[in-house]
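Using the sequences provided together with the hints, build the complete structure.
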Amino acid sequence: MIDLKALRDDPDVVRASQTARGDDPALVDALLAADEARRAVVSRADTLRGEQKAVSQSVRGATPEERPAVLEKAKALAEQVKEAEGAQAEADTGLRAAHLAVPNVIAGAPPGGVDDFIVLEQVGEVPSYDFPVRDHLDVGSILGAIDTERGAKVSGARFAFLTGPGALLELALVNLAMAQAVDAGFTPVIAPALVRPEAMEGTGFLGAHAAEVYKLENDDLYLVGTSEVPLAAYHSGEVLESVPRRYAGFSSCFRREAGSHGKDTRGIIRVHQFDKVEMFSYVGLADAAAEHQRLLEWEKEFLGKLELPFRVIDVAAGDLGSSAARKFDCEAWLPSQERWLELTSTSNCTDFQARRLNIRIRGEKGPVPAATLNGTLCAIGRTIAVLLEVHQRADGTVHVPLALRPYLSGQSELKPA
RNA sequence: GGUGGCGUGUCCGAGCGGCCGAAGGAGCACGCCUCGAAAGCGUGUGACGGUGCAAGCCGUCCGUGGGUUCAAAUCCCACCGCCACCGCCA
Numbered sequence: 006m007i008d009l010k011a012l013r014d015d016p017d018v019v020r021a022s023q024t025a026r027g028d029d030p031a032l033v034d035a036l037l038a039a040d041e042a043r044r045a046v047v048s049r050a051d052t053l054r055g056e057q058k059a060v061s062q063s064v065r066g067a068t069p070e071e072r073p074a075v076l077e078k079a080k081a082l083a084e085q086v087k088e089a090e091g092a093q094a095e096a097d098t099g100l101r102a103a104h105l106a107v108p109n110v111i112a113g114a115p116p117g118g119v120d121d122f123i124v125l126e127q128v129g130e131v132p133s134y135d136f137p138v139r140d141h142l143d144v145g146s147i148l149g150a151i152d153t154e155r156g157a158k159v160s161g162a163r164f165a166f167l168t169g170p171g172a173l174l175e176l177a178l179v180n181l182a183m184a185q186a187v188d189a190g191f192t193p194v195i196a197p198a199l200v201r202p203e204a205m206e207g208t209g210f211l212g213a214h215a216a217e218v219y220k221l222e223n224d225d226l227y228l229v230g231t232s233e234v235p236l237a238a239y240h241s242g243e244v245l246e247s248v249p250r251r252y253a254g255f256s257s258c259f260r261r262e263a264g265s266h267g268k269d270t271r272g273i274i275r276v277h278q279f280d281k282v283e284m285f286s287y288v289g290l291a292d293a294a295a296e297h298q299r300l301l302e303w304e305k306e307f308l309g310k311l312e313l314p315f316r317v318i319d320v321a322a323g324d325l326g327s328s329a330a331r332k333f334d335c336e337a338w339l340p341s342q343e344r345w346l347e348l349t350s351t352s353n354c355t356d357f358q359a360r361r362l363n364i365r366i367r368g369e370k371g372p373v374p375a376a377t378l379n380g381t382l383c384a385i386g387r388t389i390a391v392l393l394e395v396h397q398r399a400d401g402t403v404h405v406p407l408a409l410r411p412y413l414s415g416q417s418e419l420k421p422a
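When we follow the numbering used here, the leftmost residue of the first sequence carries the number 6, and every step to the right adds one.
Heads up, none of these hints are tricks.
Pairs of lysine-lysine, DSSO-like flavour, derived with a Cα cap of 30 Å:
id	residue 1	residue 2
1	K268	K305
2	K87	K10
3	K158	K268
4	K310	K420
5	K87	K58
6	K420	K305
7	K58	K80
8	K220	K268
9	K370	K10
10	K420	K158
11	K58	K78
Worth flagging that the hints you see were computed from the coordinates, not collected in a lab.
Okay, here's the thing in structure tokens:
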């Protein structure tokens with residue numbers, strides 16, 4: 006939720022943000038109106054409550070003769086208060102709805118839609134191969150690392166088994182990622198993958214992304230699509246005594262992939278279930294932009310260790326989630342399709358998400374909303390796919406990046422069994 | 001799954017239906033004392049909303065949501081969470 010006081014002071018900033026996102030600026034005026042309406046109603050209810058309270062108090066001190074009259078007055082006021090509180094509840098609901106409808110104010114993101122991103126840099130060269138490249142599923146099948154057929158048999162389309170070297174590769178990546186995170190001062194976390202509705206709502210995933218989310222009807226729980234959800238909700242309702250706080254969460258991630266039929270259907274680039282190591286930071290608002298850069302640097306560092314060529318893009322406003330003020334993606338080269346594929350993504354949610362989750366920091370003049378940021382350290386399935394493709398050799402073996410070897414019994418290459 | 005108990009401020013902990021935002025302690029901050037510190041003493045110490053330039057004033061908040069009442073932390077109902085024991089499963 007955006008800061009209402011800031012909105013009152015300068016609604017044009019928010020209107021401009023809406024326009025840059027390709028979203029409706031009228032939502033801003035609806036919010037302003039709802040805010041105004043609520044304040045009027047609150048004043049009225051406050052006054053009535055005050056009167057009623059006073060009259061109520063006087064019941065005790067009233068003489069037996071005046072008592073009936075006082076009671077009658079109190080009763081009448083109670084009626085009015087009830088009515089005023091009903092109006093207040095309605096106004097509150099209206100304000101909340103209008104409030105939730107307005108996404109975060111963008112901070113530096115280029116205006117426009119999905120294709121209007123800006124390439125900030127490219128690290129490494131696009132690789133070339135002097136043999137016909139196989140896609141990751143072919144490479145993975147030769148190695149006995151990926152089994153999508155049995156995945157489909159057991160669980161359906163977009164499910165896969167990671168087997169043998171594939172399974173070991175996953176564990177190696179997790180360990181490498183966690184080791185880097187711990188070195189950087191993150192607290193490692195194994196997070197729940199099932200969360201309550203409040204956690205899902207608070208992080209904003211029941212808005213535009215609602216169709217993407219698995220829900221367990223019988224238990225009123227949701228399967229998370231990213232550990233951002235439990236990591237953000239981790240401190241919900243709390244006042245933090247100190248920041249920064251950095252968590253590196255490992256969890257499985259579940260996505261329905263509704264609306265992506267026919268897209269990335271081969272292999273494990275887009276599946277319903279994968280594991281991920283996610284970075285999550287709580288910082289002061291003033292430090293948020295700097296933290297965002299740090300998260301990006303950690304992501305780049307990790308991709309560097311994997312010896313993968315990639316580029317960094319500044320995602321356009323229209324392609325940001327509702328909580329994000331700015332987002333950077335790292336896209337690795339996918340040889341089989343000769344295109345860039347999103348491997349990591351880091352978002353600065355400023356104080357938008359924290360306001361919704363009621364996460365504050367103890368400040369000089371009382372608590373203030375925290376700023377929250379998230380960034381992928383390693384989305385394992387996809388990373389495996391890219392690793393297998395980029396590091397493949399003509400004979401079907403796969404080069405193991407140096408940094409990964411300590412976690413793979415020192416192997417310098419993956420070989421078919 | 002069953003039974004019983006509990007849920008109050010940063011923490012512990014009291015709280016006859018009105019005088020309770022809430023006793024008492026601890027912690028923390030400041031001051032006194034001290035060469036300095038500890039101890040001791042004194043003072044202060046929640047959040048949110050409204051209003052005001054401000055000091056302030058008003059309202060709301062005792063797990064959450066309803067209800068009873070002129071009046072609810074206190075009574076009733078539902079839900080959530082925690083603890084204990086039993087059963088079941090690892």
